[in-house]
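Throw the hints in and build the complete structure from the sequences for me.
Residue-level listing of the chains:
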Amino acid sequence: MLISDVEQLNEKMSYGLTNHSVLQADQVSVHYGDNQVLKDVSISLRERSVYALIGPSGCGKSTLLRCFNRMNDFVETFRFDGKISFFGHNIYDPDIDPEVIRKSIGMVFQKPNPFPASIYKNIMWAPKINGMDQDWDELVETSLKQVGLWDEVSDRLNRSGLELSGGQQQRLCIARTIAMNPKVILMDEPCASLDPISTAKIEELIEQLKEKYTILIVTHSMQQARRTSDFSAFMYQGEIIEHGITKDIFESPRERLTQEYVNGKIG
Amino acid sequence: MNTSNLVLIRKNQTDISDVVRAAYDELTIGKKNNLKRRKLFNTLFRCLCALAVVLAVSVLVVLLSSVFIDGWQWLDWQFLTDFPSRHVEKSGIKSGIFGSVMIIVITMITAIPIGVGSAIYIQELMRESWLKSFVKTNISNLSGIPSIIYGILGLAVFVRILGFDRSILAGALALSLVILPIIIIATSEALAAIPNSIRNAALALGATKWQMVRDHILPNAWAEILTGVILATSRAFGETAPLLIVGALSYAAFVPEGIFDYFTTLPIQIFNWTGRPQAEFHQLAAAGIIVLMAILLVTNSLAIFLRNQFKRKII
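Residue numbers (the working numbering), protein chains in the order written: chain B, 89 to 355; chain S, 46 to 360.
The set of hints was computed from the structure by calculation and includes no laboratory data. There's no promise every hint is true.
To be verified - With beta-carbon atoms standing in for the labels, derived distance ranges:
#1 B/Lys335 with S/Ala268: 52 to 58 Å
#2 S/Leu96 with B/Val163: 49 to 55 Å
#3 S/Ile197 with B/Ser253: 57 to 63 Å
#4 S/Asn87 with B/Ser145: 41 to 47 Å
#5 S/Asn345 with B/Ser253: 51 to 57 Å
#6 S/Ala268 with B/Lys233: 34 to 40 Å
#7 B/Gly254 with S/Met171: 43 to 49 Å
#8 S/Asn345 with B/Ala280: 42 to 48 Å
#9 S/Ile197 with B/Arg247: 51 to 57 Å
#10 S/Ala237 with B/Pro284: 34 to 40 Å
#11 S/Arg83 with B/Trp238: 57 to 63 Å
#12 B/Ser130 with S/Pro158: 48 to 54 Å
#13 B/Gly254 with S/Ala268: 24 to 30 Å
Said to hold, decoys possible - Computed list of lysine-lysine pairs in DSSO-like fashion (alpha-carbon distance at most 27 Å, straight line):
#14 B/Lys289 with B/Lys199
#15 S/Lys254 with B/Lys171
#16 B/Lys127 with B/Lys216
#17 S/Lys356 with B/Lys209
#18 B/Lys209 with B/Lys289
#19 B/Lys127 with B/Lys171
#20 B/Lys216 with B/Lys298
#21 B/Lys298 with B/Lys353
#22 B/Lys300 with B/Lys199
#23 S/Lys356 with B/Lys199
#24 B/Lys300 with B/Lys127
#25 B/Lys216 with S/Lys181
#26 S/Lys356 with S/Lys254
#27 B/Lys199 with S/Lys254
#28 B/Lys353 with B/Lys335
#29 B/Lys233 with B/Lys298
#30 B/Lys233 with B/Lys216
#31 S/Lys356 with B/Lys216
#32 B/Lys209 with S/Lys254
#33 B/Lys209 with B/Lys335
#34 B/Lys300 with B/Lys171
All C-beta atoms in this analysis are idealised placements derived from N, C-alpha and C, irrespective of residue type, glycine included.
Encoded structure:
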């Protein structure tokens, strides 16, 4: 899929197909060597919603998340079966460049990882190397404003991103991702290394960002999943046990395992 | 207050005094037992380490001062600008200086790109496999091979097969072989020190590996890479054996004009003078050593200055 294709799709999207499925995993199985970590996982993400992946450590949530932007490709022993569709295109199709996928499906990591470079360069680097051409000053300003960081850093855009606090660094990483104007943002435990106040700010930000983006968030905190997400999926030992509206998952789960997990009996 | 409460208080009090007594016992027993011994060993260890430093430094001081005492009198402008001669007072190191500088420049031009390039390939692009560990292990082995072996290889390949004759080019290529493993290892370590989170960040933003290496890995690794290059340069500068095998002249009364000219280098000139029976030539050798060290000091300080300019904070 070429960048122009994605842009065409973006145009189609703006004609109001709001309940369109943005990302869809069909019977995804993943092996690392002989070790099967995902078993026939299927999930569909609708536009402009927040999805939470919950489940105990090692249940495959992060692996599933990384399948969506093909970050698992860098794992030597990774083997993928099944299909993941992004607006109907299989992202594991041999003639699709993973770089294009990663431009449209951004990712925020567990530990804030700004580049050891200026705040300005942190934002404009990715759009630049992806061949976007626009007013960088404006892009930096709008991206930082979207994450509420502009007022805090506008006077020191040339200082290193590493001089910021942990929470600010994580918001910088989110700004860096949305500067590429992605459709989906994947978040891998984005608040795991942050203090409660920074966490609250990120959660508030997620609430705002869902007006423009589809967000898939992996979290260990059930409270966070409850507060931030519209839909949740509970994973256990490589399978999605149950998924649905977050309120239902937490208040009236159908499966016994889900009930035990959300009540703190397992995991 | 009833009796049971009183009993409780008294019980607590005895508890507290027990704790205090136990702590006191522990402190005094500790003193009697082994604390003194441990402290003694600590002092002993410190003295031994200090002694090692004193030994190393004093050997260096003795060596340097004897070199300075021997060579100082011969060190003048004439010594730097004259060619070597049978007559001590007319002898100089002009041909050696020119030869050394030309050799080093060509060695760096060939060894740095190949060394840094190989390290990037091994560290950043090669898939994990037995081949990768095989290659890495053997590069470490290569760095331990005596340099004279590389001289023999250079003689066979560059002088004979490729027909470069006993030229500056042949000598520089032989020296490149000597320092390539050093540069590759230093660069690999510099790259390995870059945290994976930076790689992930770049790749997750849709960068290709080349864009990641160019914009984020190399700029953050340059300082460390430069350190390795400084070490390698110093090594190449002082290297004599492979150049002798390749056929450097031990007497050259001319300045090489191109990379295919015959040549001599400073260390070879010094080596030659120390082999003469007359004591005056030994003093000339000492003067040559002073010049060699001065050049090394200046280039190293320059490189360290550059390295500090490059140095950036990562995480």
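Could you work out which of the previously given hints the structure breaks and list their numbers from low to high?
5, 7, 16, 21, 24, 25, 33
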